[in-house]
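Note that the UniProt record's numbering has the sequence shown beginning at 1, numbered continuously upward.
Worth double-checking, as some hints may not be accurate.
[Stated by the list, open to error] Pairwise CB distance ranges (calculated): (1) 141 to 61: 34 to 42 Å; (2) 31 to 128: 34 to 42 Å; (3) 84 to 45: 18 to 26 Å; (4) 59 to 25: 27 to 35 Å; (5) 59 to 31: 33 to 41 Å; (6) 80 to 152: 40 to 48 Å.
Source of the hints: derived by calculation from the structure; they are not laboratory data. Glycine residues also receive a C-beta, built at the ideal position from the N, C-alpha and C atoms.
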Amino acid sequence: MLDEDYPDGLRYYWKSIYLSELTDEVVDLVVRYNESAPSKLSTVDIWHLGDAVSDVPQDSTAFWHRDKPYMMAFEANWENAEDDDANVEWAREGISEAESLSIASGRYGNFPGLSEDPATLLFGDNYERLVEVKTEYDPENLFHVNQNIAPRDGDA
Numbered sequence: 001m002l003d004e005d006y007p008d009g010l011r012y013y014w015k016s017i018y019l020s021e022l023t024d025e026v027v028d029l030v031v032r033y034n035e036s037a038p039s040k041l042s043t044v045d046i047w048h049l050g051d052a053v054s055d056v057p058q059d060s061t062a063f064w065h066r067d068k069p070y071m072m073a074f075e076a077n078w079e080n081a082e083d084d085d086a087n088v089e090w091a092r093e094g095i096s097e098a099e100s101l102s103i104a105s106g107r108y109g110n111f112p113g114l115s116e117d118p119a120t121l122l123f124g125d126n127y128e129r130l131v132e133v134k135t136e137y138d139p140e141n142l143f144h145v146n147q148n149i150a151p152r153d154g155d156a
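Model the full assembly from the supplied sequences, consistent with the hints where possible.
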């Protein structure tokens, strides 16, 4: 479905953060970062959540941030490897600025950047329960990519 918008051969770095409300500060940040993007292919997007997402209790699945009605995503998309640093830095600075807002928290696992954020930002208060699941079903940590949830040591 999205192949045409995100073709092979381009370079991508996406990060996101959840918002409890849309404020003038958020709108200003979105406009400013969209205007300052080092690539014409990059965007800052606001995703509306709520509805079916928020109908499920937070502790029913691994996805914790069901109570947030919005997500802000910095989608750095560019063409040339020599532009990697500028584009990644643009997205990281935007997320850092958004993170300073009192209405912003968490991360979305499908926009992981380079998986530099701790898994606790993705899974919130579900993290400890997921450690228990991982310890029981994957004690050797075979599935360890992205924002890994490490199993407890055998001595724990």
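query = Which of the numbered hints above does this structure break?
reply = 1
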